[in-house]
Amino acid sequence: MDEDFEALKREATAWIVRITSGTATTDDADALLAWRARSAAHEAAFQASARLWKNLGPALGKSKSAPSTVLTRRTFLATGSLAASVAGGGLILSELGFLPTVGAILADYATGIGEQRTVQLSDGSTMTLDGGTMLSVDFSSSARQLELTTGAAVFDVVSDPARPFVVTAANGKTTAIGTSFSVKHGDDDISVECLRGRISVQCLANSDLVDGEAISYSRLGLGEKVTTDAETAAAWRQGLLIFKDRSLADVVSDLNRHRRGKVVIARSDLRARRVSGVFHLSRPDEILAHLEETLQVRPVNLVGGIVLLR
Amino acid sequence: MASYDDELVAAFSSNERRIKRYLDGKTRSKADAEDLAQEAWIKFARNGAAALAAPVPYLMRIARTLAVDHNRGQKRRLTSSDIDLLLSAPDESPGPDKKLEDQDQVRCLVQIMQELPDRQRRMLVAARIEQRRHVDIAAEFGVSVRTVELEVRKAVTYCSERLDTINRV
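Chains A and B, in that order, give the protein sequences. Just so we're aligned: 38 in numbering that gives the first Met the number 0 is position 39 of the first sequence, and the numbers increase by one with no gaps anywhere. Just so we're aligned: 87 in numbering that gives the first Met the number 0 is position 88 of the second sequence, and the numbers increase by one with no gaps anywhere.
If we strip away everything but chain A, and leave its shape as in the complex, we get:
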C-alpha cells in the first residue's frame, strides 16, 4: 500500500478519534465530511479506518488481557459529577449504567452496545452473545461452568453427559447436557427459553423445560412455566426486538443494550407500564418514538445520547 494512502488513513483515524471523543460538535462533523469529499482516496481511507474502528469493538471484547483497570475513586467521582450534572440529581450512578462497564474488562467475553457475536467454545459448543453482554467461562474435566453477568446469550451445547453445561445468571442456574437454550437478563428477573431438547432451571426450586417452553426467575424464585413460539424466541439473533406485554423497565433494559447513550425512566410509576411491539435493532430510536406515542411519555434528550422518560 503506498505511503500517501497510509498518510490519509492516519488522518482519517485522527478524525474518527475526534468525532467519538464525546465533545465533538456539528462543526467537526461538517469539517470531516468536507475532508472526505476532497477525493475518492480520502473517502476510501476514511472507510478503511472506520471499518477498523468498528472491528476493534469485538476484538477488544475478545482479548482477555487488560484486567488491570479497576474503578478508581477518581473515575467514580468523575462519572458521578457527570451523572449529577446531566440528570439534575435524583438518579443514582448504577441507574445511568456507568458502574457495570468496568466488569466488561474483567469478563472473558464482552460485547459492546448493539454488537452481536458468535463464539465457539473449546468443547465445540457455540454461544451467540447479544449486545451489552458480559460472560465468563470456566471449563474443567467435570463441569462446564459459565456465568452470564449482564445481557443475553443463546447456547448451542454439544452433548457431554460427563460434563454438564451450567449457565449461572443472578441467583439461578440453567443446566443442559446437549441442547439449545437462551438466557437473558431483564430489569429485575432472568428469563430462560428452551429452544431445542431439554434443560433444567434451578432457583430455590427446580423446573424442567422442553423446547418451546420458557420460564423466568427472580429474587422470589421461579415463575410460571409458559409456552413460547419459535418465531419470537431470542429474536435478537434475527435483528429484531419483540415485546409482548412487557414492562417498560424491561423494554428499556433491552433497549440500552442496543442503543448508545442511556435511556432512563425518571418517573417510577412508568416502570410497570406494559408495552408491545416489534422493532428493528438497527433502528433503536424508533422504539423511543413508539413509547412516546403509546405511553404518552415525553422523552427529553440530554448530552451523550442520554434520554429521560417522564
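Bear in mind the hints are in silico, worked out from the structure with no lab data behind them. Glycine included, each C-beta is placed from N, C-alpha and C at the ideal position. Accuracy of the hints is not assured; some may be wrong.
[Said to hold, decoys possible] Label pairs and their calculated CB-CB ranges:
1. E291/A with Q37/B: 17 to 27 Å
2. S28/B with L294/A: 13 to 23 Å
3. R270/A with T146/B: 40 to 50 Å
4. E6/B with T226/A: 52 to 62 Å
5. F4/A with Q37/B: 30 to 40 Å
[As the list claims (entries may be wrong)] In silico DSSO-like links for lysine-lysine, alpha-carbon gap of 30 Å or less:
6. K61/A with K172/A
7. K153/B with K98/B
8. K97/B with K153/B
9. K53/A with K97/B
10. K224/A with K243/A
11. K172/A with K243/A
12. K19/B with K42/B
13. K19/B with K97/B
14. K42/B with K29/B
15. K61/A with K29/B
16. K224/A with K172/A
17. K243/A with K42/B
18. K61/A with K98/B
19. K19/B with K53/A
20. K19/B with K29/B
21. K19/B with K98/B
22. K61/A with K19/B
23. K53/A with K98/B
24. K61/A with K97/B
25. K243/A with K29/B
Chain B: place on chain A using the hints.
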C-alpha cells in the same frame, strides 16, 4: 447525458435508505423526512459534478445540513445517531466476502491488542468499548485530554499498520 444521470440516480438510491432513516430519527416525522429526502435529492442532482466525485460524504453533508436547518439548531454536540451516520459503511448489508474479511480482521486484531502498551490498550477500551468521553478518561488516568486523543490515535494507527504488514505476507 443519460449515463451521467444514471450514475447520479444510482449513487442516490444506494444511500437513500440510510439517509431517510437518519432524517427520520432527526425529524421524528415520516412526512418531514420524506420531504427533506426529496430536497436532498434536488440539491444532490443540481451539483452533479461535485456529487459524483465523492457522493457519500456529499450526500450526508446535504442531509445533515437539512436536518440541522429543519430543527433550527445552531452548533451543538453530536448525538449518537450523528456519529452512527458518520461512521456507517455505504452498503447496508455487507456481502459474505466482507463479513469473512471482517472476521479475519477481528481475529488479527485480537492478537495485535496484546502488542499494545498497557496504558494505550486501557485507554482504547475506555474510548471504544465503554464509549466514555475523553475528558473522563483523562481524569481517570491523570493526563490531559490531548494525551488521551494521541494515545488512542497511536493505538489505532498501530493496528492499521500491523494489519497491512500481516496482509502483505
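Which numbered hints fail: 15, 17 and 22
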